[in-house]
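What follows is the residue order along each chain.
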Amino acid sequence: MAPSSSSASASGASGGGGASSLGASGSGSAPAKAARTSELGDMRSQLGLLLAPRTRAEMTTKRDLFAKVISYMTQGVDVSLLFSTMIMAASAPTSPALMKDLSTGDESLDAVTAYLQAYNAILKKMLYLYISTYARQHADLALMTVNTLQKDCQHEDATIRGLALRALCGLKVPNLMEYLVPAVAKGLQDRAAYVRRTAVLGVLKAIKLHEATAANPATAQLAAAQGHPHHLVESVKTLLLRDTDPQCVSNACAVLSSLEGAGSLVTKALVYGLINRIKDFNEWNQCQVLHFVSLYEPQGKEETFDIMNALEDRLSHSNSAVVLATAKVFLHLTLPLPDVHQQVFERVKGPLITLVGSQVSPECAFAVLTHLRLLVSRAPMLFASDYRSFFVRASDPSFIKEQKLEILAMLAHVADMSLDGAPTGSVGRHLMEIVNELLEYVTDTVDVYLSRLAIRCIGKILLADEAESGSEDMGMLVERLMLLLSDDLGHNSGGSDGVEPIVGTHVSSECIVVLRDVLRKSPTLFATHCRDVVASSMPDDMRLLPSAQARAAYAWMLGEFADELPNAPYVLEDYVVSEDDDDEGEASSSPMASEESAAVKLEVLTALAKMFVLRPGEATRALNAGLTLGVADENLDVRGRAVHLLRLLEDGLSPTGAGMDAIGRVVWGGRQPGERSGVRVRVSDDTSGSKLDRIFREFNSLSVVYRKPASSFVSTAMIDEGLGIAAGGATSEAAAQPKGAAEEADLLSMEDTNLLVLEEPSSTPDVATAAGDTSGVASGIDLLSL
Amino acid sequence: MANTPSAETKAQLKELSTLAGVPLRDDVFDALVELTYLDIVPTAISQVVASLCKKANAVARSPVFVLDAKGKPIISRDFRGEVAYSCVERFNMRVAEMESENIPVPPIFLEEEVSFCHISHNNVVLLAVCSDNSNAMSVLLFLHKLVDVFKHYFEELEEESIRDNFVIVYELLDEVMDHGYPQYTEARILSEFIKTDAHKMEVVAKPPMAVTNAVSWRSEGIKYAKNDAFLDVVESVNLTVNSSGSVVRSEVNGALKMRTYLSGMPECKLGLNDKVLFDAQGRGGGSGKNKAIDLDDIKFHQCVRLSRFENDRTISFIPPDGAFDLMTYRLTTQVKPLIWVEVKVERHSRTRIEYLVKARSQFKDRSTARNVEILLPVPPDATTPAVRTTNGNATYAPEKEALIWKINSFPGGKEFLLRCKYGLPSVSASDEDGVPAARKPPVQVKFEIPYFTVSGIQVRYLKVIEKSGYTALPWVRYITVAGNYEIRFQ
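In order, the protein sequences belong to chains A and B. Here full-length UniProt numbering is used: the first residue of the first sequence is 1, the next is one more, and so on. Here full-length UniProt numbering is used: the first residue of the second sequence is 1, the next is one more, and so on.
If you are wondering where the hints come from, they were derived from the structure by calculation, not from laboratory data. Be aware that a few hints might be false.
Calculated lysine to any residue pairs in the SDA-like style (CA-CA distance at most 25 Å, straight line) [to be verified]: (1) A:K279 to B:D78; (2) A:K172 to B:D78; (3) A:K279 to B:A187; (4) B:K463 to A:H317; (5) B:K269 to A:L315.
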């Protein structure tokens, strides 16, 4: 079977050289190409000699030659030269001499026939593979094969009939439609199930081919002449109801749902019929069938229970796809019955958590976790006692850790409540267990990513709507964060041998960002404490902070609390004004002018403006330098912000202007300068209820993994198409919604704060000018991307 | 300050967006255009433009690829249409991008309306590409099954075995999936279709399509000279202990693994001990005497007649040929950690550190753990470790940054000690004062305890009945192994 051995035996002298040049995957140098052409020529002549092999040895040689052609084809070598020879060689009749040679041994006649049968099937398979690869490039050659394929569709061996039919359907050449349709029609009536199930899918392929032909202006006429193969669909419908082979039925389901949308198909009789037979189907077909059932709307409560009872045991199936599909059926059937719905949650919870714990496949665990995350977000209470299942193991891949932490963040606030929502006796005990576990991850030196995630997770717990800002627990959490931050800031590195000095590690970088968000949400509660920490442990030189996000967050704090942090103006001044040229205000080498991310520059500019409003005397110099730099910046956003601030100041401070207060309101996003009112922090990945509902409707599909409804990532043409292993019906439901709205939601949900801002453009209601409006948007962004 | 676009430009833009397949609502479109002209949020504009372009892109449709370690396709099969080979490049680019940003690469991700689902095995990556809202779970599971099928044929799935067997791979891919719909993934059934392997051709061909039998997982006419059925009860213990010494998580995953070499269509019956069956029914009336075993999530192989189990708790089935998991279950009740490890770290000076490790077996004396391996992490820059143990051998494995303590036999109720001294270079990367003690990787323990199960599950009988009336020998073994067994220490 190995190509190298066959080349040694078959192609003689040129074999070795040819094979080695092919090893380089056809880089295409002239001599190599010539060598290959001659080798192909050799192969052709050999195949010509072996058209009808006379001995067993010759049969083997012929098969090896075929295999070699296929392996060249896979490596990207063009072997279309051999086209006609291959077809002739594969369809040549068995020579009498061979039969004689074969039957001379002590084998029975049956054994010889079986041997020949298997041998033929292999040759045919290789030929069909070859044909389907080259037919599309050489439509004229494809025509040559039709005869062979048609003949093979009548072959006595069912396997060959099926294979030939599949190859014929796979050619995708518009001209061949007239041969294809009768062959498929005949296949649908075939005795052998193998042929029927191939034919059923052949119907879909034929119709797709027809549609593609009709859509192409060049071939539309041809398609019109051939007509739509409607009658085939009718035969498939009959098969769906009558066929005895489960695979056939399942394929018929798939084809019809793909063509007409599954919804029209789901009748009571069909659903019941399928459920009763479900044990006959193999695992994949069960998924398909279960998907169907999930589309059915039962007439009443009793019917719902009947279906659920019949399917209950599917939850114990060993194929996790079947388990998830069953979970979907249950969840959807019980949507109108809230009580039962809750019980279903309880019922499916166990199997899903087991799947996460099994170490067989992290990828599957990932898929299950994404579904669990959706369920948890819908009913966190029900999972309150299971939080330990989502603790991270050292051996989990990062993508699993990420999912687990997200679920933990959702569970943190419900962990201490009993099912009815009332707090249990042990206040904060479970919450603290979660937090302590998270803190262990933070100090993980091996997995820095986990450590970052853990801090963000703590941030989410703090920022969640349920978080009672005043509660003891939350106070404790902030306390722990502060401790982490000040500890970590003491950790210096670099600073010698030309390495840039850095204060703190990723820990402080993440902590600062979380801290900023906490201060934003409730500026008064922890404010004194936080500000003490900032004042005491944050470095005076912003450059020392380890990451751009941290620097941006620090800049925000300096601006927001300019009136309370005594050294704030000087930190910013050091940042924007160059050290060397202090007097000139020339800032060519200031930190701000150097390579810095735009996000930091934007924050610095806004902070300077805020500072100017509160402490004009101290901030003027820094503001001047900052704006000078900003206006000349190469980043458009930064330039825009600087120009905007400049105009705002010019207009505001002119004799006819609105004065300092008005400027303050703009830069504070509608609040009074220095006002300490918390903003409602919205976490950007917190999806709205209606969107979650849509995703829930598409349970057990990619939507859940991406946390987006299908309409936002599947092009509309595809949505109706239905899918192999999949949720066609659910998506077509989504497509039925007004397209405009879907598209709009799509555009708006892109992960860029600038776009997200569009969702809340009215944060500055009292600013009149267009410029003011956008500035409100720019400085009052209260959306965080965690 | 905003100069509004002319009506003409607007109309052009509108047409462009419709052409691109993005029919925007009028007000949305106007808002976008206005933003564009305001020149305030250039990022937003670029996003809009990018999304317009993306919409116009043609998409690839559901091919399956096998890629080598470098991401180059070795072989591919496209089930619905033209293979867009460029999508592999896109996949590679995105993966490289995520890796460079230190973001973990999820097994499923979306890139320009195309979903990439991938798993890796040895040095190959199996990649399925789909452009519709497929069933995420079944795509991934399908790829895993595909790996199993390949393994069945090639012993091991790796680049070499694929390259040696292009023809079989194509044949397999053709049979496991048609037009994107999974068909059969049972390796044994597939061998009915695929006979390419030269030596298999000599086997007497069976009548084709045993698939149409009532029993889709077993073909007819299997013959063995000696009829054997092996049943292994394997329980694997997952445990996490945190640094303060309390058990954070403890879980046992159990499996009844069978290997059958039986002729014909045998009917098997399995009886488990009453305790387990009793509790599996859900509620225990008088659980006072026997320690209750709470088996969660019992799952059976598809061959088990679930309705029989529901009715009278007998597990009856016609087994597939070869190895399979008959039943799996989970045990969540807290169990005492079987092997407890305590690590005491003594810092004699900046450069000299001593570990005192106590390992205690907390199961009954009549059982003995075998092949115990305790992995003690040490700092990467540790030098000259000197180890003394009361039992077993300890070696320093610098490549794992750990000390491996191997104890071949560890009887129950015993305590073994290990003392290890090692030095650290005098110049340390981290400054000692003020830095919180960095968390070390956890201690990991591996062991196996034969003739012992945590749950106490026992096989009472395993009967094999076949109409030809042969007698088959059932062999039953029990073993408990460490799964994910982690003990964190300060």
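Evaluated hints:
At roughly 30 Å between alpha-carbon atoms, K279 of chain A and D78 of chain B are farther apart than 25 Å, so this suggested pair is violated. Restraint check for K172 of chain A and D78 of chain B: the C-alpha separation of about 13 Å stays at or below 25 Å, so the hint holds. Using a Cα cut-off of 25 Å, the hinted pair K279 of chain A and A187 of chain B holds, with the two alpha carbons roughly 20 Å apart. For the given pair, K463 of chain B sits about 23 Å from H317 of chain A by alpha-carbon distance, which is consistent with the 25 Å threshold.
Taken as a hint, the K269 of chain B and L315 of chain A pair is honoured in the structure, with Cα atoms around 22 Å apart against an allowance of 25 Å.
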